[in-house]
Amino acid sequence: MSGLALLIPLALALGLCGLGAFFWAMRSEQFDDLDGSGMRILIEDDE
Amino acid sequence: MTVQAALAGTPVERSLLAVPGAHCAGCIRKVEDGLAELPGVLGARLNMTTKQLTVDHAAGLQLPAIVGALARLGFEAQPLAAGAGPASNRDSRELLRCTAVAGFASMNVMLLSVSVWSGAEGATRDLFHLLAGLIAIPTVAYAGRPFFRSAWTALRHGRTNMDVPISIGLLLVTCLSLFEALTGGPHAYFDGAVMLLFFLLTGRALDSIMRDRARDGVTALIKQVAPGATVVQPGGRTEWVKAEALAPGTLMVVAAGERLAADGVVESGHSGLDCSLLTGESDAVAVGPGASVHAGMLNLGAPLTVRVSAAGADTSLAEIARLMDGAGQGRSRYVRIADRAARLYAPVVHALAAGAFLLWLALGAGWHQALLVAAAVLIITCPCALGLAVPAAQIVAAGSLMRAGVLVKDGSALERLAEADWALFDKTGTLTLGRPELVEADRVPAELRPVLVALARSSRHPLSQAVTRAFGTEELVPATLIDISEEPGFGLRARWEGTPVALGRGAAADTLAATFSVAERSLVLRFTDRLRPDCPLTIKRLAELGVVASVASGDHARSVAQALRGLGLTAQTSMRPQDKLDAIARLQAIGRKVLMVGDGLNDGPALAAGHVSMAPASASDVGQNAADAVFLGDSLLPVARAIVAARRTMRVVRQNFAIAIAYNAVAVPLAFAGLVTPLVAALAMSGSSLIVVANALRLRSAAQ
Numbered sequence: 001m002s003g004l005a006l007l008i009p010l011a012l013a014l015g016l017c018g019l020g021a022f023f024w025a026m027r028s029e030q031f032d033d034l035d036g037s038g039m040r041i042l043i044e045d046d047e
Numbered sequence: 001m002t003v004q005a006a007l008a009g010t011p012v013e014r015s016l017l018a019v020p021g022a023h024c025a026g027c028i029r030k031v032e033d034g035l036a037e038l039p040g041v042l043g044a045r046l047n048m049t050t051k052q053l054t055v056d057h058a059a060g061l062q063l064p065a066i067v068g069a070l071a072r073l074g075f076e077a078q079p080l081a082a083g084a085g086p087a088s089n090r091d092s093r094e095l096l097r098c099t100a101v102a103g104f105a106s107m108n109v110m111l112l113s114v115s116v117w118s119g120a121e122g123a124t125r126d127l128f129h130l131l132a133g134l135i136a137i138p139t140v141a142y143a144g145r146p147f148f149r150s151a152w153t154a155l156r157h158g159r160t161n162m163d164v165p166i167s168i169g170l171l172l173v174t175c176l177s178l179f180e181a182l183t184g185g186p187h188a189y190f191d192g193a194v195m196l197l198f199f200l201l202t203g204r205a206l207d208s209i210m211r212d213r214a215r216d217g218v219t220a221l222i223k224q225v226a227p228g229a230t231v232v233q234p235g236g237r238t239e240w241v242k243a244e245a246l247a248p249g250t251l252m253v254v255a256a257g258e259r260l261a262a263d264g265v266v267e268s269g270h271s272g273l274d275c276s277l278l279t280g281e282s283d284a285v286a287v288g289p290g291a292s293v294h295a296g297m298l299n300l301g302a303p304l305t306v307r308v309s310a311a312g313a314d315t316s317l318a319e320i321a322r323l324m325d326g327a328g329q330g331r332s333r334y335v336r337i338a339d340r341a342a343r344l345y346a347p348v349v350h351a352l353a354a355g356a357f358l359l360w361l362a363l364g365a366g367w368h369q370a371l372l373v374a375a376a377v378l379i380i381t382c383p384c385a386l387g388l389a390v391p392a393a394q395i396v397a398a399g400s401l402m403r404a405g406v407l408v409k410d411g412s413a414l415e416r417l418a419e420a421d422w423a424l425f426d427k428t429g430t431l432t433l434g435r436p437e438l439v440e441a442d443r444v445p446a447e448l449r450p451v452l453v454a455l456a457r458s459s460r461h462p463l464s465q466a467v468t469r470a471f472g473t474e475e476l477v478p479a480t481l482i483d484i485s486e487e488p489g490f491g492l493r494a495r496w497e498g499t500p501v502a503l504g505r506g507a508a509a510d511t512l513a514a515t516f517s518v519a520e521r522s523l524v525l526r527f528t529d530r531l532r533p534d535c536p537l538t539i540k541r542l543a544e545l546g547v548v549a550s551v552a553s554g555d556h557a558r559s560v561a562q563a564l565r566g567l568g569l570t571a572q573t574s575m576r577p578q579d580k581l582d583a584i585a586r587l588q589a590i591g592r593k594v595l596m597v598g599d600g601l602n603d604g605p606a607l608a609a610g611h612v613s614m615a616p617a618s619a620s621d622v623g624q625n626a627a628d629a630v631f632l633g634d635s636l637l638p639v640a641r642a643i644v645a646a647r648r649t650m651r652v653v654r655q656n657f658a659i660a661i662a663y664n665a666v667a668v669p670l671a672f673a674g675l676v677t678p679l680v681a682a683l684a685m686s687g688s689s690l691i692v693v694a695n696a697l698r699l700r701s702a703a704q
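Which chain is which? The protein sequence lines are A and B, in order. Here the working numbering is used: the first residue of the first sequence is 1, the next is one more, and so on. Here the working numbering is used: the first residue of the second sequence is 1, the next is one more, and so on.
Here chain B stands alone, though its shape is the one from the complex:
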């Protein structure tokens, strides 16, 4: 509190950062205590479940300073866009609260009901019915809101869904039971009503939690493109400005290793830019004064000064986002299997209840008796098992997939994944690892390796990093170098024990090569963007599943052919984001359900347009956001595994539907005959729900 008092009056800001490297109690302490020492920080809290760090700080403290402080503590951190935080979990929280209330009520009402069933009579029975009503009516009013709201929305738009029969059944049963309780009747269905609510809410809550869990996992991996830039003010002073506040005409300084926050033209400086986020091509592009550059590109070499030409919504990045918005509309029209079932189910249920009411009236029963039978029909047909059939199976399967390294964002993704019959792959970063690797590393003489590593580790160029990785596993002490300099467009120079050494561009046009020279000796290092492990096996598995695989790449035909040799895939090359969209539209026009697998920003629109989509965890944030599922690790096999698991899930969902229908086939005639007492309803309902959940649990090992 003292810190807050000292800073009273200064505006406080809350920033969210992803800290993927934190993994133990020591990390929590190092991060939180370390940041507390940074002037301006009011408080920091690290959430280990989502690997997100929330920092409250004075508005004067800028994000790069926090990231820098974390880097000094030994943690890599990426700023996250505001709004990606836990606020999005509000739906699940409301559902959880409703479930807790319904659970509490159903336990207590059942306590009273069991006493009635075991023979309470007369005044005691009436008292118990009234007490049950006192608990059940507020519960239905509180915990039933999610259903009432959804049913009302559907009815207002002239549609019907699963929630309409649920809401009508709940209200009718509650009102009738209240009447029974007040007039001292023998049967009150309060226990049935609250138990129904409890089971249905459990299904809903499971569905919602599953969505949140996978989304949190994905947000933790997401890297924001570029939250802002260092801007040169008139008079030479520099200041850090957020991306959305950048105006055309300002000068920004982009240090090596930073991403550009806006489109612009280079004013001064020479460097190499990694454009893979935009184009999907892995080669660095050399730029100098006058070159036009785009937001999202990564500066690999020397600092650049860039005059901003377009910022915020006008950048080419934002243009891709707009393409994605349009492309995603088709998918929002997809109707989930539970809703398709409800379309058939709801009218049947209503007709049955109305039929029972009319039949009993026609047979000479009073309206009261006829209404009771109709209510029993409604409550017994209420899709208790149906409501659990889909979410129970999907959450068990998603849990199994998560353990196998696939994060599925929601249940509808599993349904669409099961239908896929065409897999369209991007090349760079999807079929390949998206990072160059040194080939024939043993050609480098052992005595020169310390020099090579010492040179390479002083640069952020992808090829240098590949060299560092290649020798990173060996125990070697890097040589001591002096006068290290990096020259954009050429490479690194230094002196080693008086000898000039260099690591620079390869001689030929082949950009995946570098020359390493010590004095007069020189050695060509070759690199390759290796295919992901299990690539051929995955293609084979897909073929066995009846899924046709093909490649759509933004890269040139030559490099695609070189990389994919031996896989036997057809490929379309040099495709822009719009071309990939068109390719998907053509396939879907002939009735194919396309699974799009891609990673780059350039795949974003295609990922949104595909019937279903997957992205590797190494993908750009746009890719991960647009994809329905994200797979972790280097192997490509999870793609085939996810399809197998999704199809198994749908098989179990269909079995669950069959069980629910079989149960109704037995129970409805009983209800029609007026034989369903509250005891029978309670037994039938919990019995069918337990069977459905038990069947869903068989999916525990679906992803193995």
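Okay, chain A solo, but in the shape it has when bound:
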């Protein structure tokens, strides 16, 4: 049972990481242009 003291907070922390990452992605407009983001990879910046 002593493992619970470690495992439960760990599970929660990992879950919160995922939630935080989703919120961050939404706030930084990662989902605003799904088609364009894929295309922008192909642009070379050779200035």
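It should be emphasised that the hints constitute simulated quantities derived from the structure, not laboratory data. These numbers come from a predicted model, not from an experiment. Glycine residues also receive a C-beta, built at the ideal position from the N, C-alpha and C atoms.
So, partial list: chain A residues that the calculated Cβ filter (under 10 Å) puts toward chain B:
| id | residue |
| --- | --- |
| 1 | Leu4 |
| 2 | Leu19 |
| 3 | Phe22 |
| 4 | Met26 |
| 5 | Arg40 |
| 6 | Ile43 |
Put chain B on the given structure of chain A with help from the hints.
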């Protein structure tokens, strides 16, 4: 940052433009880098999903300059009205955030619950219940807000909706479970509460995303009528002024190819105007000094100087917008099928829960036990499957329709489309393509074609453009012409290898004809506004569906009869926007559900008044805004296809309701008997939701 620093102090403006031609990584780069070189531009970002370009620029830089720069880069761009941008997606974002929180919570609470179900006891069970409560209570407070808000609004107005039983159930279950957890009871329903939230929010988020996606698609196609005009200042200087800032009495210069931004009277210049946006008639109208002109008309010929008589809210355009506002009110009274179901459902659920509570009290159970049973009844009847039944089916069907070229704006449009039993078509631009096409193009001698194309491509007149289109597919090198001049009201003149050549107005009153002459030889070119492909087939399909089709056109009887020969449709002609409204009101008074299909600005009020409405993608922005659905491409067949898909969708929605009711018929007696433990509730809830979603997925090919 250096650019911004250099321009610090100058006011910055953000403009939104639609760039429908962009389609690859190269386009992104060309547009963004090309605009960055324009002085005054701080930054440009092209969104490929919505095909919209956001430009941050100094306030001194005017929109036509940006459009001009884009044209030099090879992209056609239309300025969009401010506010049409992504700000309108805020609702979906909040719902998505709530869904993410509920999803996270339901996973973690389920982790704890599974341990309890598999036999945790004593202090461990109490600890797990408390931990689950610690996760679930903030989640309900955060992710439940959309439901609480809507339930509160309904209750305050003395109504009830689906969200009332949901909110009461959620709050009751959470409070009772907290009590259980604190007193060390055996059953806590925290997992049921957050799972319920997760499923319901998924349904809501789907509904909202569907609305946004179709709206973005439509905004990308929308062309603003005229964002402004070039105004002559005292002293002869010209300046570009936004449409809403135009004042009566000012002089504006309207170049060929521009739309008028305000009503007015022509001061000088002769030209032809395309009024199809206002009247729906395809023929160009010749105007000269003294003629009164209206906002939204397109100048086809030479530059005109116009003295503004009415601008902004006083123009005839704004008058049509007011008609539309009034006409749309009837539709906002339409009650969606989920809400109609909720009206029956909510009182039953409340009565059942109250009945269970009283029954157990009467049978001698304690209030605590009786409340637990009532809560179990509430949570098991909570319309989990019902909440998903409608949006899941509608979003799958809308996705299928979108692939088939029909953008449906929201779920309620699909519901109303399924009910339509009368289709009222506009003629110009709806049944027909709305652009003249050259007939018998092979009558033009091969050696003269390069001359004809060279002449035609130097003009923006619709007939010239039709000529360019007709020979555009052939490999021919346009001849070299000199001294090309366009004379409004007549046409084009030029010299080809010393010979005078001309392309001008036809001799007869028939305006869909032109005369092409080389030296003394002359040839009459005939044009026609062709019917959309699949027109007869669509009418036949509609008849098979039990939908009566008729035509209401703003055009004259003669041209309507000529265009629609052989279709076997009844038609009303020379109708003004108000007449079309009246025609729809008459049909609806006798109980018909009218599907209005139209494109022009003159159809705007009728599109808003119809029970449901569709517009082709070539329609005016007003038409596209007012319509519930927009169909892409030339064919008319998507109209019939959309009705078929909508009816299939409603069939699946009704099946889903039946499944949800059957599930309740089994589960409610169990809950009444006090047999519903948190484990049973979790299984029943996810089981019924999965079945409903799986049934909705059958609509993937609904539009084929």
